[in-house]
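**Q** Given next are the chains, with one letter for each unit.
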Amino acid sequence: MTTDMISTKAKIGRNVTLGAHVRIHDNVEIGDDTVIGDFCVIGHPAGGEYQGQPLQIGPRSVIRSHSILYEGSSFGADLRVGHTSLIREGVKAGVNLQIGSFNDLEGDTVIGDWVRFHSNVHVGRGAVIGDLVWIFPYVVLTNDPIPPSGLKEGVTLGAGSAVCTSAVVLPGTVVGRGAFIAAMTRARGNIPGGALVVGGEGHIVGTIRKLRHKESGKQHPWMTHFADYYPAEAQSAITALHQAVESDVELLERELAAKKASS
Amino acid sequence: MTTDMISTKAKIGRNVTLGAHVRIHDNVEIGDDTVIGDFCVIGHPAGGEYQGQPLQIGPRSVIRSHSILYEGSSFGADLRVGHTSLIREGVKAGVNLQIGSFNDLEGDTVIGDWVRFHSNVHVGRGAVIGDLVWIFPYVVLTNDPIPPSGLKEGVTLGAGSAVCTSAVVLPGTVVGRGAFIAAMTRARGNIPGGALVVGGEGHIVGTIRKLRHKESGKQHPWMTHFADYYPAEAQSAITALHQAVESDVELLERELAAKKASS
Amino acid sequence: MTTDMISTKAKIGRNVTLGAHVRIHDNVEIGDDTVIGDFCVIGHPAGGEYQGQPLQIGPRSVIRSHSILYEGSSFGADLRVGHTSLIREGVKAGVNLQIGSFNDLEGDTVIGDWVRFHSNVHVGRGAVIGDLVWIFPYVVLTNDPIPPSGLKEGVTLGAGSAVCTSAVVLPGTVVGRGAFIAAMTRARGNIPGGALVVGGEGHIVGTIRKLRHKESGKQHPWMTHFADYYPAEAQSAITALHQAVESDVELLERELAAKKASS
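Protein chains in written order, with the numbering used here: chain A, 1 to 263; chain B, 1 to 263; chain C, 1 to 263.
Just chain A, with the same shape it has in the complex (with noise of 0.2 Å):
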């Protein structure tokens, strides 16, 4: 049974470890020391326009077992995807994208450079997310402004913008960089870089600045405290990123200074 298991037509790179009964299907591009857990489903066939597209994954990644990934798809160096995850077809990953467990991509997804996802995060399609994102368990980017209406409007995230957990994005909501959709709120509209936006209603109560630990003085924008957790090539971005954030930050905390003095 083996044998029929792992297609003949994949282009399998050196030192790639499979678990047991791992299935590999034609269009599988996979770089070199790479890692694909137990029970794993690898290039499954697609429908539509990306039937017969490659699956490229980059070298030095690590696939959990259990995880389905689409043909049609390509991930830069260094992807990680936890257990039980499904990739479909059209997602255009950079560098090092680290998604969770149970995680639910559902295709035509352009995802930057050092994006983190946490488990159970579901990415409708059309979604842009820009670099050092994060997402957080429960959170949902939707598609259909009136559904069920076969209309998309992707959302956008900016780079390093954090959605937090149970959040959902309504269709096509841009978030800003650096901003903060807290947990269980609902997002919608153009938000602006460096916004904090909390509750169902998707208020903007501020600026990041005010997601402030006290005990340990840690303080939004994250690249000031967070910047250790990415790997040396990604520093350079994250300084550039911080500086972008902190102007946004500056325009938006004049903005509602100005709202508030005149209301």
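Hints are computed from structural coordinates only; laboratory data are not their basis. Be aware that a few hints might be false.
Copies of one chain are not kept apart here, so a pair can be met inside one copy or by any two copies together.
Unchecked claim - With a Cα cut of at most 25 Å, we get these calculated DSS-like pairs of lysine-lysine:
#1 Lys259 with Lys214
#2 Lys218 with Lys92
#3 Lys210 with Lys259
#4 Lys210 with Lys92
#5 Lys11 with Lys260
#6 Lys210 with Lys152
#7 Lys92 with Lys9
#8 Lys152 with Lys214
#9 Lys92 with Lys259
#10 Lys218 with Lys152
#11 Lys210 with Lys9
#12 Lys260 with Lys210
#13 Lys259 with Lys218
Starting from the known structure of chain A, arrange chains B and C on it as the hints suggest.
**A** Here is chains B and C on its own, set in the frame of chain A:
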């Protein structure tokens, strides 16, 4: 090992395609031209009243990898099940049920024809789901009024209703025909046909005519703009449902106007 | 292939039943009379401090198909794990833990006796969960106070507390004995024993005595009407907990009445 995996007692139709390492238990009846993906468990033994009852899967069905279906359930023709979904015992579904990935159907549920669940839908026991219903990701249909209590008050969803992302439908809720439960809403009580329900308090904020997409002109009821997504056999039911929902909407518009006038 | 799947270093008790294609790693100790379903991964290697530590599963346990348990965790007798659940390293659980399907336990968690998780429960690292707790679908116990920060402030759930569907428990929250977190609530801070917490702001709206089901007369604390669902060994603990929670409820009722009178 392969011979152990497929019970000789299972009734498997013509032209059925099984993926790698599919497990098929005894009380299974699979219709012709069905496809079952890798690592599925089909006909998992059930306890209680459904023990030893058949799992019936209609012809032309597709069940994707890593999904688990228990014995004691039945599905009409053209079933679609995504990856890594779990369907327990006691589900009775009509034709062309389409459910996505990571669904969790607890069992004891009646489901009409042409019903659509997106990913990660959780259906608690005792639910009754009408024809042409739509449920979106991370929705939970609950059933215990004061958990944990052992009481079961299933949810009823009227034909053509839509329950949007991350909504929770509280125990015993009855959702009328064509009603729309918005994202992250906590729905409760008796919701009239054609109602639009929004927010953590589950308020009725109007009728579904409010759901209009300016750019495209598409507007609810969805039967005007989304009927093409269903098979030919569904069209007369959609037309009849459309008329019924329009009538419900008219009635509710008048009621809400009268209530507003008197307040 | 089968021989590779089961490590000869694993300690497997008497009368243990393994499903098809179960993978068992080295540092595994499985108690007698345990059942493990198809496609499970048992004793998955962990990193960090738990690397090489045993996974201990008590006797008479049942773990359903497609589930994954890491090394470095221990579970008392009569463990139940549903399908497609993930339990990482560093979980120390008492007897008769029952978790449903699609659970995601991140690790580093202490769990008491007779605890129940429904489907799709997400437990972040650092949680401390008392005896007889209930958690319902799509609940997230978080741990990062200003994500992403690398800080970890785990959640504490007191004995007999219940966290309902789609609630989020914010980092560092301490939930008192027998408290009840309603569906879609965002719980935070120090929640007194016997409190009823509702809504996105996590307000205490009264005590759990408000949770009364008219038709059946069942009322919280649940120990009055739900004790029969637990095994005989749990009954004296339930009785003692009931008395403690009643005392907390009395105290809180008086506090809330005093606060109301003074406002």
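**Q** Determine for every hint whether it applies to the structure shown.
**A** Evaluated hints:
1. Lys259 with Lys214: neither (28 Å within a copy, 29 Å between copies)
2. Lys218 with Lys92: neither (33 Å within a copy, 31 Å between copies)
3. Lys210 with Lys259: within (18 Å within a copy, 30 Å between copies)
4. Lys210 with Lys92: neither (34 Å within a copy, 36 Å between copies)
5. Lys11 with Lys260: For Lys11 and Lys260, neither the intra-copy (60 Å) nor the inter-copy (67 Å) Cα distance is at most 25 Å.
6. Lys210 with Lys152: So Lys210 and Lys152 pass the 25 Å test across copies only (19 Å; inside, 34 Å).
7. Lys92 with Lys9: within (22 Å within a copy, 42 Å between copies)
8. Lys152 with Lys214: between (42 Å within a copy, 14 Å between copies)
9. Lys92 with Lys259: neither (40 Å within a copy, 52 Å between copies)
10. Lys218 with Lys152: The answer is between: 13 Å across copies meets 25 Å, while 38 Å in one copy does not.
11. Lys210 with Lys9: neither (54 Å within a copy, 53 Å between copies)
12. Lys260 with Lys210: The answer is within: 17 Å in one copy meets 25 Å, while 32 Å across copies does not.
13. Lys259 with Lys218: neither (28 Å within a copy, 35 Å between copies)
Going down the numbered hints, you'll see the structure goes against 1, 2, 4, 5, 9, 11 and 13, while the others check out.
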